[in-house]
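Protein sequences, first through last, are from chains A and B. For the first sequence, numbering that gives the first Met the number 0 begins at 0 and goes up steadily by one. For the second sequence, numbering that gives the first Met the number 0 begins at 0 and goes up steadily by one.
Check before you lean on any hint, since a few could be wrong.
Claimed, not checked - Here are a few chain B residues that face chain A, going by a calculated C-beta distance under 10 Å:
1) Thr-43
2) Tyr-123
3) Leu-132
4) Gly-175
5) Gly-177
6) Asn-253
7) Trp-450
8) Pro-459
9) Asn-467
10) Leu-478
11) Ala-481
Just so you know, these hints were derived from the structure itself, not from any lab. The beta-carbon is built from N, C-alpha and C at its ideal position, and this holds for glycine as well.
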Amino acid sequence: MTGHSVESKLTGKLIIVCMVALTIMLAACGGPTTTNPTGQKATTLRVLSAPGQPNPDFFNPFYNTNQGGDFGAQGLLYEPLYFTNLYNGEQTPWLAHR
Amino acid sequence: MANRLPGWLTVDHDATLTQWTFHLRTDVKWSDGQPLTSEDVVYTFELMKQYAGLDQTSVWSILKDVKATDTSTIVFTTTAANSTAGFRIGNQVYIVPKHDWSTKIGTDPTKFTNDKNPVTSGPYKLTTFTPDLLTYDINTSYWGTKPEVKKILVPSIKDNTTAITKMLQGELDWTGTGWDPSLDEQFTQKDPAHNHVWFPASNTVMLYLNLSKAPFNNLDVRKAISAAINRDNLPQGIAQYAKAANPTGVVTPNHNKWIKSDYASLKFDATDKVAGYMAAAGFTKTDGIWAKDGKKLTMNVDVVTGWNDWVQDVENIVSDLKAAGFDAKVNSQAGFTPYYDALTTGKYDAAISWTNSGPNPYFTYQALLSSANSAAAGKAVTGTNFMRWDATTSNGFSAQTDKLIADFEKAPDEAAQMQAIQGIEDIMVSQLPCLPLTVNVFWGEYSTKNWTGFPSAENPYDSSAPYNAPDFVNVIFHLKAATN
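Chain B extracted, bound-state conformation (with noise of 0.2 Å):
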């Protein structure tokens, strides 16, 4: 069931690839009785054209146009072959009733605050707001199946200890926060029965490096660093639950699936190849540390003060590095703002980050690695090219990754995407554009007292984050009733 990928070419599609037509289901109605129609889903993207800030998910870089065949059928026209345009109409774009919103929305529907009896479609309604506490109950005349779930009632928490707190009294049934192995004591020792955390793989934390500067744009310079780090060494402490990654940089184990055979059990070079790719490298040590042409290789290593299981990585990935005759020193910027516009606007020589999450490797490689996402001198890069790859610092190799990326998205079937993600995962595990440290895991901590149904290792349905939207919607419709 899980692997009948590829799911967005389940939605109808032409043989093109560049028409795709959603069928709408014809007994949804909003909330005031009005039926959902062709018409809202067409508002509803034309607003979001009209309105750029509306399209977070930059749906219209790849639309055409959107048309209403007739009151249940809408086809989307993208302006080139992209067989991931189903997942970005379909699951990243939420339908928004047209009879309301054209009257209330004003001149900015960017700041319009939907807060005065929203008409809504789905399975809740907000009851009552305030800063403290939002209150949802069950729309009682929602289309589809009603979850047993009868009230939601939404605290908001200013910092993980709190939020901590409320979970170990027992005032929450389910957060998604930071953990600490020295919690389990409190909370899942405590009550075995009941109190439960799952904290399933998210997406792959690189360390960056900046190949806009010197010597990082030189491959055997990558090599030598990546070979110095023992991502063995990473996951202990408050760092333990992300695990060594796989060279590829793809998510293990949710992906293991595309991962070429080859690079399967691929292990990262060890720390004895690190003299030789330096040498390659034209460097010598003085006073033990390389040096090229008289001048020692520096580099800082940046993290955001407090992020602590990252500044516990980047402290062990110096002292690796001091090791190896890296003269390197951790970077702690005060904020993330500061640590983020160092890392988009390339001001760094490494950081530690992360890469995105998605249904499957295409996602995080193509925010990663396509060359539209870097930028000039100065100017920021959008997605997480945070490292500029580009046809001015990859040897030539953007030109090949910008082809596998764009051969996924006219890919007919799932082997033409399998190819396009292994002829990735080559550049990736030859090139080293960024280096694959650890794997980062969603939080979810839950309480079965009063809810059982949450996905776990043994049934794991979906992520048990309650921060991704809509996956925390399917999980509410899968949570059952305990008696007390």
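One chain only, chain A, in its complex shape (with noise of 0.2 Å):
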């Protein structure tokens, strides 16, 4: 058996974000503040890797945030050894240099 169950459930996810949202409400309170004045350049990127729970407390790499995992314990923190792109397939070494 060779299942790739983070790909299917990775998978879910985009279908769970296919709900859509189909009202704009437009609350003022919240989120994150402007943190990049004007005039500047840019030091902060904010992102929202889809909506849904809380930031759960578990930076455990080994767990995707379908998983549970929080964004960017895989990949801002721990690291692969290569890069396949999902979208084009290219391969990079990361960790590894060959």
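Using the supplied hints, reconstruct the complex from the two chains, each of which is provided in its own coordinate frame.
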């Protein structure tokens, strides 16, 4: 058996984010503040991988965000040996050099 | 560049495709100054072997052992020839520090939260954590080229509406939220210079038919059902981003080069073929409904309430099926769990669902068609073999798909891989194990007010979705600061 549970769950998330919001509610509270002042080069990136649960207390990089892990544990904090681009299949070494 | 495949074969391997050797960079240091060595790599993989819960990608289903031959060289041995091993070992496992983890993880590393001063190797450090906001700051001693992004804020936002509102208010730079064309007026059209969306193809959506149930095990019935559905009618309204699929199920246009030339412009059968296929299957119409041995063909088509684009697809499909003489109904499941349970345990007639994404069609086909992913009646299937394609349901063809999947895994070069994939395409087109509908997209919305260099149709260097790890890190490395 060579299951690809990550991929299927990942794709499951794609499906979950397919749920389309049809109304716009102009809520004016919460969220990250503007941290890139006018006239200066940006230093901060504000990213939301997908709407959903509060951030879990789980920075264990064996789990992706669909498996309960936090955004960033995989990739920002810990790294793989090789990177295979999911979009075009191109491969580049990461922690390995070959 | 993009087609310099098969990429995972660029990993150092022997002629039998059972020994995969990774040569570590020697300049990588953990955040506490310790060097990252082959010991860490072996520890990471041994931990996954010992605690199967950590092995979320089942890499140990193909591995025999992992050995360090020196401080920077690791040799992985697989149980059988497998050309995908380089990808599965290299891309899907994140290396953790032995000296830190071995003192912290306790008796159950699957529960290890790792939230107290984690020792890390990556380009960012975790600065603060709350359920509402994660803050990452650049790792100033990162071994590689440092990205221009110095700080990353990751809020939690509960639903699509709020996420889109934040995007419209300029409080987010990048999101992967399900999109609605009506939002273009407020976002892309409001500031066309800065506000962008790009939704590249991700995976093929199927109409799965439960092959363990008659009459869906009958090929002519499957052909008739397929012919009844007008795919060109599906991409509209809220489902407009998902274009009609190719009959092979290969993700178009990303994987077009894998499609056999005979199938490149192949069309699905038109509705006028339904009657012939149903007659061949021994059905006649009673009260306008196809019936056999006095029994009308009824079918429920499962979908999840609230998955609006798919609900619309299923409504269109059911309408097409009714028009063609099938007693079809939408079966809207109340949530993901009952829907997924029905799908995996074979308690459904027909259902709309996904296939896996991957860098080439193997990853889709392996999860979809490997008979090892099927299961005995009542047991849950794995991968996306929701139709239960196996020796009992496939009229003998699952032996061929299994062989072709194995051929791909043993393939020493791309030509041999291509031959295996195209053999599977023949079976997809002639046997219809499931019915390709449309090609789903990755969601990616971004503003170039603060950052430029996101992937786009003009610069498609990766998918635009921020939820694919480690691809989103590749995107972050490409970002350039804009001057406000």
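Now for the hints, and whether the structure bears them out:
1. Thr-43: Result: holds, 9 Å to nearest chain A Cβ.
2. Tyr-123: holds, 4 Å
3. Leu-132: holds, 7 Å
4. Gly-175: Holds. Min distance 5 Å.
5. Gly-177: Gly-177 of chain B check passes; min Cβ-Cβ to chain A is 5 Å, inside 10 Å.
6. Asn-253: With a minimum Cβ separation of about 7 Å from chain A (threshold 10 Å), the hint on Asn-253 of chain B holds.
7. Trp-450: holds, 6 Å
8. Pro-459: At 7 Å from the nearest chain A Cβ, Pro-459 of chain B passes the 10 Å test, so the hint holds.
9. Asn-467: holds, 5 Å
10. Leu-478: holds, 7 Å
11. Ala-481: Holds: closest Cβ of chain A sits about 6 Å from Ala-481 of chain B, inside 10 Å.
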